[in-house]
Amino acid sequence: MDKRSLLDLLRRDARESVDDIARQLGADAEAVAAALEELEADGVVRGYQAVVDWDRVSDEHVRAQVEVDVELDRETGYEEIATRIARFPEVATLRLVSGDYDFFIEVEGESMHDVSNFVSERIAPIPEVTKTVTHFVMDSYKEEGIELGDGDDDDRLSVSP
Amino acid sequence: MTFGDHLSERVEQVPPSGIRRFFELAEEVDDVISLGVGEPDFSAPWAARTAAIDSLERGKTSYTSNRGMRELREAISERVTRYGQEYDPEDEIIVTTGASEAVDLAFRAFVDQGDIVAIPQPSYISYTPGALFAGGEPLPVPTHAEDEFKLTPEALEAAGADEADVLVLCYPNNPTGAVMTDDELAGVAEFVREHDLIVLSDEIYADLRYEDDHASIATHPGMRERTIVFNGFSKAYAMTGLRLGYAMGPSEAIDAMNKVHQYAMLSAPTTAQYAALEALRSCDDAVEEMVNEYDRRRRFVLARFEEMGMDCFEAKGAFYVFPEVPDGDDEAFAEGLLEEQNVALVPGSVFGSGGEGHLRVSYATSMKELRVAMNRIEAYVRDT
Chain A
1 MDKRSLLDLL RRDARESVDD IARQLGADAE AVAAALEELE ADGVVRGYQA VVDWDRVSDE
61 HVRAQVEVDV ELDRETGYEE IATRIARFPE VATLRLVSGD YDFFIEVEGE SMHDVSNFVS
121 ERIAPIPEVT KTVTHFVMDS YKEEGIELGD GDDDDRLSVS P
Chain B
1 MTFGDHLSER VEQVPPSGIR RFFELAEEVD DVISLGVGEP DFSAPWAART AAIDSLERGK
61 TSYTSNRGMR ELREAISERV TRYGQEYDPE DEIIVTTGAS EAVDLAFRAF VDQGDIVAIP
121 QPSYISYTPG ALFAGGEPLP VPTHAEDEFK LTPEALEAAG ADEADVLVLC YPNNPTGAVM
181 TDDELAGVAE FVREHDLIVL SDEIYADLRY EDDHASIATH PGMRERTIVF NGFSKAYAMT
241 GLRLGYAMGP SEAIDAMNKV HQYAMLSAPT TAQYAALEAL RSCDDAVEEM VNEYDRRRRF
301 VLARFEEMGM DCFEAKGAFY VFPEVPDGDD EAFAEGLLEE QNVALVPGSV FGSGGEGHLR
361 VSYATSMKEL RVAMNRIEAY VRDT
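Residue numbers (UniProt numbering), protein chains in the order written: chain A, 1 to 161; chain B, 1 to 384.
Read the hints as simulated data drawn from the structure, not as lab findings. A virtual CB, placed ideally from N, CA and C, is assigned to each residue, including glycine. Among the clues, some could well be false.
[Claimed, not checked] Derived Cβ-Cβ restraints for the label pairs, each shown as a range: (1) B/Ser65 - A/Leu7: 44 to 50 angstroms; (2) B/Asp284 - A/Leu148: 25 to 31 angstroms; (3) A/Asp155 - B/Trp46: 16 to 22 angstroms; (4) A/Arg15 - B/Lys259: 52 to 58 angstroms; (5) B/Thr384 - A/Ser140: 25 to 31 angstroms; (6) B/Glu211 - A/Leu7: 17 to 23 angstroms; (7) A/Asp2 - B/Gly222: 38 to 44 angstroms; (8) B/Gly84 - A/Phe88: 57 to 63 angstroms; (9) B/Gly241 - A/Glu121: 53 to 59 angstroms.
Use the sequences and the hints to build the structure in full.
The following block contains the structure:
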């Protein structure tokens, strides 16, 4: 079972049935089920989520990207700070990045007020944090490799040579 | 006066296309899922499209040299080395308006009145009319399901192709998805040399091969001098509408084709040439991604046919599989499936002798649609 092919396929559509995955990979269904279990057990595959276009959902949903600068000391490294930040359920994504700032956080909430409150009351007060810059997401055009526009109709001839 | 009285014999002798008939039937059905499409469901890679847009913005809207932009011919020359082919961009390559134009040029340049053109069947539907328009006499060479629709020296012998002047080859094949390996081509090459034929080798699906690398008859001993290779950007780069292909062969052959091309076409579309150049330079990854996707769908479709008990050899190229119809009547099956299940595909008999009793199933459509279409075919097979 080629795990890389399995991962590629899951990244395109994780909702495919084990049978359909097996057909596409030319493998048998038991082998696919076993490989999937292994990928999950090894922590390679951490979950399966829907790609949502929040603009089409009537409920209020606000996202922001937050840049965070930190100052390390002898007792505290990036790992410790990251663990503390990651525990907040409002934090959807947390990455250590190169460049002008240290951490990149994606925060989700029900209103701008929620999100800015969270940043000012939960993130900024962390002793090692020296600066935060919050960017509210105004519009999204592509998520997880999927374009969020209306898409193009298949305008090919229905039967062609 | 009516133009009907003035139609040339050359045109009148060619019957209307069977694909056209199915297209018209399918157009009348609402919400049809089509497995009858002979072109990719992807768009051309974005980098190629932006190169076309850039060229327009820079005002590149003139003719190019007859044989195509020098840079493009150089890039093609470099590209085809991966198939073991070596052609001089100076005088052994011509860029054409789709590989279709190149095939037509070759018929007109190399076929004399009454020359016999051997065409393995089932085949892409343009070769026989193309040969007829040029004044040639098409000789069908049936290939068989038990040979996985590969061409064999025995099939050539049986069809009387030893008398032929020209042999048309198309592997990976439309409509069957068949491919041929170097070992299998060696026997054909031997037949061709022995009986002194020339070969028109349509390799437009060269990059869409799923189990092994493309093999070209032109790379066999003594074959380069008697072979014209056709390729293009339509299939691998999903650029069908940009109409860009090319032909490669010995300089005196390309000169002759260019003679027709310079009067009939002048030069291939300039915008498309810029897109093609960028495609060759930077779109290998995009092609690989499409090939991987086709391959997954191919295996899915083959597995589904096997599960529903329809015989289907393991097609390894292009984006078609060619299953057998349970009761043998491919036209009735295709029409019934369209009427009852809203799924369009093309009956094999449209592609000539040897195609009857089969269906061309194109998997150039999304997995989502394929899944539904295969369920409907299964239901149709079960209920009839």
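Distance restraint hint 25 to 31 angstroms, applied to the beta-carbon atoms of B/Thr384 and A/Ser140 = 48 angstroms, violated
Confirm or reject the claim that B/Ser65 and A/Leu7 have a C-beta distance inside 44 to 50 angstroms.
-> 47 angstroms, holds
53 to 59 angstroms as the expected CB spacing between A/Glu121 and B/Gly241, which holds or is violated | 56 angstroms, holds
For the range 57 to 63 angstroms, tell me whether the beta carbons of B/Gly84 and A/Phe88 fit it or not.
-> Taking Cβ atoms as reference, B/Gly84 and A/Phe88 lie about 59 angstroms apart, which means the hint holds.
How does the Cβ-Cβ distance of B/Glu211 and A/Leu7 compare with 17 to 23 angstroms: does it lie in that range?
-> 22 angstroms, holds
Starting from the range 52 to 58 angstroms, see whether the pair A/Arg15 and B/Lys259 falls in it by beta-carbon distance.
-> For B/Lys259 against A/Arg15, whose Cβ atoms are near 57 angstroms apart, the range 52 to 58 angstroms holds.
With respect to the beta-carbon atoms only, verify the hint that B/Asp284 and A/Leu148 lie 25 to 31 angstroms apart.
-> 28 angstroms, holds
Should the hint that A/Asp2 and B/Gly222 are 38 to 44 angstroms apart at their CB atoms be regarded as holding?
-> The hint (38 to 44 angstroms, Cβ to Cβ) holds, given that A/Asp2 and B/Gly222 are roughly 40 angstroms apart.
For A/Asp155 and B/Trp46, compare the CB-CB distance with the range 16 to 22 angstroms and indicate the outcome.
-> With a Cβ separation near 18 angstroms, A/Asp155 and B/Trp46 satisfy 16 to 22 angstroms, so the hint holds.
In terms of the numbered hints stated before, the structure departs from hint 5 and from no other.
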